[in-house]
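S.K.: Take the given structure of chain P and dock chains C, X and H to it, following the hints.
Number of protein chains: 4
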Amino acid sequence: MSFLADLLNTVFERRYRGASEPDHQGRSIIELCSDLLSSSGEVSGMVLARHILDSYRAMNIDEKRAFFGYLTDFLGIVPDKVNSALADYTADPSKANYQRFMAVAEPRRQELARRLNQVPGATKQLVEMRKDLLQLTREHPELAVVDLDLRHLFASWFNRGFLVLRPINWESPADILDKIIVYEAVHAIHSWDDLRGRLQPADRRCFGFFHPAMPDEPLIFVEVALTQGIPGSVQGLLADERDNIAAEDADTAVFYSISNCQAGLAGISFGNSLIKQVVADLSRELPNLKTFVTLSPIPGLNRWLTETDKQSDPSDEEQIRKTAAHYLLNAKRANGAPYDPVARFHLGNGALVHAVHARADLSDNGLAQSSGAMVNYLYDLPLISQNHEQFATAQAVVASPEVTALSTAAEQQDT
Amino acid sequence: MSFLADLLNTVFERRYRGASEPDHQGRSIIELCSDLLSSSGEVSGMVLARHILDSYRAMNIDEKRAFFGYLTDFLGIVPDKVNSALADYTADPSKANYQRFMAVAEPRRQELARRLNQVPGATKQLVEMRKDLLQLTREHPELAVVDLDLRHLFASWFNRGFLVLRPINWESPADILDKIIVYEAVHAIHSWDDLRGRLQPADRRCFGFFHPAMPDEPLIFVEVALTQGIPGSVQGLLADERDNIAAEDADTAVFYSISNCQAGLAGISFGNSLIKQVVADLSRELPNLKTFVTLSPIPGLNRWLTETDKQSDPSDEEQIRKTAAHYLLNAKRANGAPYDPVARFHLGNGALVHAVHARADLSDNGLAQSSGAMVNYLYDLPLISQNHEQFATAQAVVASPEVTALSTAAEQQDT
Amino acid sequence: MSFLADLLNTVFERRYRGASEPDHQGRSIIELCSDLLSSSGEVSGMVLARHILDSYRAMNIDEKRAFFGYLTDFLGIVPDKVNSALADYTADPSKANYQRFMAVAEPRRQELARRLNQVPGATKQLVEMRKDLLQLTREHPELAVVDLDLRHLFASWFNRGFLVLRPINWESPADILDKIIVYEAVHAIHSWDDLRGRLQPADRRCFGFFHPAMPDEPLIFVEVALTQGIPGSVQGLLADERDNIAAEDADTAVFYSISNCQAGLAGISFGNSLIKQVVADLSRELPNLKTFVTLSPIPGLNRWLTETDKQSDPSDEEQIRKTAAHYLLNAKRANGAPYDPVARFHLGNGALVHAVHARADLSDNGLAQSSGAMVNYLYDLPLISQNHEQFATAQAVVASPEVTALSTAAEQQDT
Amino acid sequence: MSFLADLLNTVFERRYRGASEPDHQGRSIIELCSDLLSSSGEVSGMVLARHILDSYRAMNIDEKRAFFGYLTDFLGIVPDKVNSALADYTADPSKANYQRFMAVAEPRRQELARRLNQVPGATKQLVEMRKDLLQLTREHPELAVVDLDLRHLFASWFNRGFLVLRPINWESPADILDKIIVYEAVHAIHSWDDLRGRLQPADRRCFGFFHPAMPDEPLIFVEVALTQGIPGSVQGLLADERDNIAAEDADTAVFYSISNCQAGLAGISFGNSLIKQVVADLSRELPNLKTFVTLSPIPGLNRWLTETDKQSDPSDEEQIRKTAAHYLLNAKRANGAPYDPVARFHLGNGALVHAVHARADLSDNGLAQSSGAMVNYLYDLPLISQNHEQFATAQAVVASPEVTALSTAAEQQDT
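Residue numbers (this note's numbering), protein chains in the order written: chain P, 10 to 424; chain C, 10 to 424; chain X, 10 to 424; chain H, 10 to 424.
Check the hints yourself; a few may be wrong.
To give a feel for the contact side, a few chain C residues facing chain P, derived at Cβ under 8 Å [to be verified]:
1) VAL91
2) SER93
3) TYR98
4) ALA114
5) ARG123
6) LEU157
7) HIS161
8) PRO221
9) ALA222
Each pair of labels, with its calculated beta carbon distance range [what the hints assert, rightly or not]:
10) P:PHE83 / C:GLN395: 42 to 52 Å
11) C:VAL173 / P:GLU420: 22 to 32 Å
12) X:GLU137 / H:LEU376: 49 to 59 Å
13) X:GLU294 / P:VAL87: 51 to 61 Å
14) H:LEU376 / X:ARG175: 26 to 36 Å
15) C:GLY130 / P:ALA405: 31 to 41 Å
16) P:SER200 / X:ARG175: 35 to 45 Å
17) C:GLY130 / X:ILE70: 50 to 60 Å
18) H:ASN297 / X:ARG175: 34 to 44 Å
19) X:ARG175 / H:VAL191: 52 to 62 Å
20) X:ARG59 / H:ALA211: 41 to 51 Å
It is worth saying that the hints were derived from the structure and are not from the lab.
Just so it is clear, CB atoms sit at the ideal spot from N, CA and C, and this is done for glycine as well.
In isolation and in its complexed conformation, chain P is listed as follows (with noise of 0.2 Å):
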């Protein structure tokens, strides 16, 4: 060998220790990788497919960081072929250039994640390979390129068309209902009674987005309470005592909480179509129901008036209503959308603002983010795509006359 590989080897080795050590078998994963992507690959591609998942579940973080830098540096695009490819496409737009510059202009470690998903279970593994591989890119950017890819081919394995809603309820599997008690983001669920509490009773119901190759993993899913009139704390929707309706005397269906469950799905937006099937699904079942809506956080509200170095007197309610009011209608990101994350997603589905509460999340969360508050978003139905339109177009958000009043007021009390 010469000094030069020599060299190279020894800088290769440092770099992606880790992925290129061979295991009990003498292969390292760049190897097995390696193997998987030449292989005509049908008859031992899943047994190399499953060696590999196998090997990375096996694998520390550094390990991992090595492997996820190999799939970087070696398995992206070689911008030299795709020129080369691309100018011969341009010369002559052949089915069989198309077909050349199509296999360079994507790069191998698409394939290679294709290939892995062959494998029984593969697809859970994969959602949570690029989990490590979201937290890795924090402090190595340079991983961003490979995240790219992934997302790329799950946007389009998780595809609306692939996924199925499914009620979730008492009867539902434990292990399924175990993994909604991890995955609550908003109101976090405290015991099993409290879960039975939010699934059992007549008026509520819990729907999630299900993937058919990850069957017992939910993707997202809403939390919804069946009430007369809109509620303005979660307290009371929450309350252990609180007296149950009917199901079909209910006039108002109220989303209070919507959860993503899988890390490694980041991105990959579900909740618009699961608020939309939902309202579609109940409407059909309970034809009482007039009114959706949410009872939602305003997460950034107390982040923002630290950042502006605003005032705001928590034990004053009103204020807190006024307050809170004008932070939804006009704190904006530098790109003019929605300073509120939780408002960026309902207005960008076409919800409107329609009412604040002071004192409506109590929690030491509610009370951290909000001091307390919380905001009706309103799907109308026939306004929904007009609401959508005028913010996807001109980033206008609609809120109703009560709260545009608290805005105004909140702002005439600034100058």
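M.R.: Structure of chains C, X and H alone, referenced to chain P:
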């Protein structure tokens, strides 16, 4: 409007007539596709997607051609943009530059297909769409680039990890069995009684791959006979009056018919995985099974004899066996692969040529294509990887001594 | 052994030959039944029960007769014991005395049937057993007491609360559809294509009752056509080339065929519950349905004309309608119930005679039994209870004015 | 109305107060029952049955007592009628006479229960009804005859052939698991985490019998631990921090808890069938299992010691083992059966007393009932029938040499 614009418009309308005409809602499918691609998507996307799919379904073949022409000409890659993005990425391989490259290196028609696929049931329609397209490309080869994109997407969507193997038996839904009758491509099923004879007896099995988004459409299926010893004719296997045996008494599983069901999934290979999975499942269920073998047609035999000006006396059974053996071992395509398509499939899977039989398929089709000869390909579990490797690397055809001897005898006659 | 015992033995063996002969394990079915009844049961009971059921299945008709003879003669009630237990209970109606009475007032063959029923799949076999028995009782009326016991048990086991209503459609398992073809008793199904025509179109429905212990055996099923208006002939309903309508566009549900499937469940009525359940389910699914009506054969018409020496010109359609109306309203059995069995069923359910049609069933069977005439029985929901009550108490036949007028016209002709 | 009738009425109303009072629709439950029994039934029967069940559910305990009093006094057998029918049958054992006898020898309350059972969900309510009744019979023993009838019916309805064995695991519906927590009668389940520890690990199993008419209600369930060797304490089995093993590595299946769930099914034995079925299913799934054994409480030990004025030093472990062994082998009820109810159950099933352990159940309950002692009953497959036979005929208790020796040692101490 300028004269030029007017002219272009006229040309456009001629070329894309059918795709550019407004429907009863005043929008052409081209406009709808454009809307769907430009929409931030989710709110109105599903309505648009459904509209497009409905419009497509109502089109005649000329309109479909125009639609695919639009996809070819307007929703492909734009070389200039790719060039520019690639240059940026080469200069600075940042995440942002990579993302921009990805966005332009993939033609927009791929994104269109993904957005169409939001609608429940869309997957099946997209598969149907590709079936139409494949038919049209014969006369309109310029459309083939669209097919490459659909095939690329489908290979990802119909990845082995997403497929479900299901037994198909006399308890299966009638609508699926109906399709088995239609899709059987090797030994036609003449009636429901004929079908019952292949599904209900204890010594018969059938398995198919299904995709969760098309649950009532088999993708591929294989029919299996459980026998004592390796059978030498399909008449014996399918005889009405044959004696059944108990499944536990069988030592051999015979794959006597494999049929791809979806013309729109042409080129996406399932057969290999199917056979391997069925071998694994049957081995576990019936430990007495020792031999896994096909009873396969030799569809190219007589065509090859004609093409090579060879003669064969159809009444000389021994001669037919020699000729068939010689053909299977030596007849090649220009690229060195076996001439016979079924041979290519099974040898590529790692099977070997085990035996040839005369008077094994006396149907009109069997007599026409191979003078009634058939072949057993043997899936010898310990040898599969090795056979496959030899075939993949050196296109070496592995055969039993008996078949090799027959082939040699044929060659000696020739000289 | 004494001469008498010997003689008795001989007689016994002659009478119960077949039931008293040892099988290959050296036990006769009589001994096995005795063992099963005397066993404290559970440990060896299931083995014994299976053994008995297997032995029964292998019997020829003479052996079965002997077996039922044994059940008749040896496993019935013993009047002396009943008398004695009843006297004790009358003297002291204690729990213990009641229990003793219960034990002897029920024949041991009922307990035998319950113990046989421990075995998975036994229920179906016991139903088959009663089918055999019903056939044998025609020539051996002394066996009818055994039938009364089985019927009593089956009425309890096949209680409405244990039955499951299931739609039968083109997605149903083929083995169940196979049975629908066989069991259809009103308008024969000639082929799978014929069956498909009754199940697959959007304006056709079929429903059956199933029992969880016999999940692949329909007990009774009804075929329904969704129509606009009330149809007057079965040819129209079953025509191959008819135009389908959307289910939502129908205003009428026509029950055009009801078939009992299990001869062994004769006398256990399901039809009434079935129709009521189907009316309820269809009303909920399709709120546009306003009329629930049958299109029924008149199986007893021509037989009754012959028996009563009446004439009817089969070519005079108006005359046939009058005759049929008269028959339906006036022809009675000795006990005052309608002569026509189908009339008895529907009138007993609370339906009324709505219309009669000539040339409504031109099949050989239809012409033979009623010169092609058919009748609509109307299930007029608000009137069902009242109709039923009038029929149950006064055997009053309710009919529409039109049918009443036809009947009156027929009577005026007669005089 | 005559004075007498009036008097009777008064008495009647006093005795059946609650059952004879009209409800809001003006009918008492007694009148409704009478209607249901006299109706030819099917048309209005289901409405009546539902009405009765609803009325019953709304009753307080006094009203329920009145209702059962009515069933006792008015819907029992009528001796005169039975006598007369029996006399006719004895004189002429015809079918008609037998049918008449059957009709009067069965009390009408049995038919009432069958007619109530038409309503979906009624079976569960009837089981609840018997639960109430069993409670009432303690103070009102005259009602016990009604219980005998319900028990007779339930034994037929809950026949082994109608039951379904289902695994209960962490994928089971939460509402069923909820009931497992409630119904566990041997070793209390303290939380969902405790439950998870008994269901989720690879070396744990749970199985229950279900009836199709009560699909979300377990009838009985057994918890199983898969172990290496026979465990001697329940603390070890249920320890939080124990090491799990792979199911394939286990050689022993330990039935450590069997709980009947339905008080209303008391006296209808499922346990024996359950254990046998589970042994069969586990043997098939896990061929390495060689030993099937219980780890059972000895609930009667300390009570018996007290009753017989025996002493036992709870701190002397060896002494406890001797005492327990002696008790299990020698303590008898008046009728000769074992004094210990759990011993009766397992010995009756054909198990043998395999080992006794001190300090095996240190829960409060375990210490109170048996000073912490437990016992293994061994299900030795080849010996089960023989053990059962010896026990059933001679009440012989089979034990291992070790336990016999312990018992002998105890007896020698006594003398």
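S.K.: Against each hint, give a clear statement of whether it holds in the structure.
M.R.: Hints, verified against the model:
no., hint, result
1, VAL91, "6 Å, holds"
2, SER93, "11 Å, violated"
3, TYR98, "7 Å, holds"
4, ALA114, "4 Å, holds"
5, ARG123, "6 Å, holds"
6, LEU157, "6 Å, holds"
7, HIS161, "6 Å, holds"
8, PRO221, "4 Å, holds"
9, ALA222, "5 Å, holds"
10, P:PHE83 / C:GLN395: 42 to 52 Å, "29 Å, violated"
11, C:VAL173 / P:GLU420: 22 to 32 Å, "58 Å, violated"
12, X:GLU137 / H:LEU376: 49 to 59 Å, "56 Å, holds"
13, X:GLU294 / P:VAL87: 51 to 61 Å, "60 Å, holds"
14, H:LEU376 / X:ARG175: 26 to 36 Å, "53 Å, violated"
15, C:GLY130 / P:ALA405: 31 to 41 Å, "35 Å, holds"
16, P:SER200 / X:ARG175: 35 to 45 Å, "39 Å, holds"
17, C:GLY130 / X:ILE70: 50 to 60 Å, "55 Å, holds"
18, H:ASN297 / X:ARG175: 34 to 44 Å, "41 Å, holds"
19, X:ARG175 / H:VAL191: 52 to 62 Å, "32 Å, violated"
20, X:ARG59 / H:ALA211: 41 to 51 Å, "33 Å, violated"
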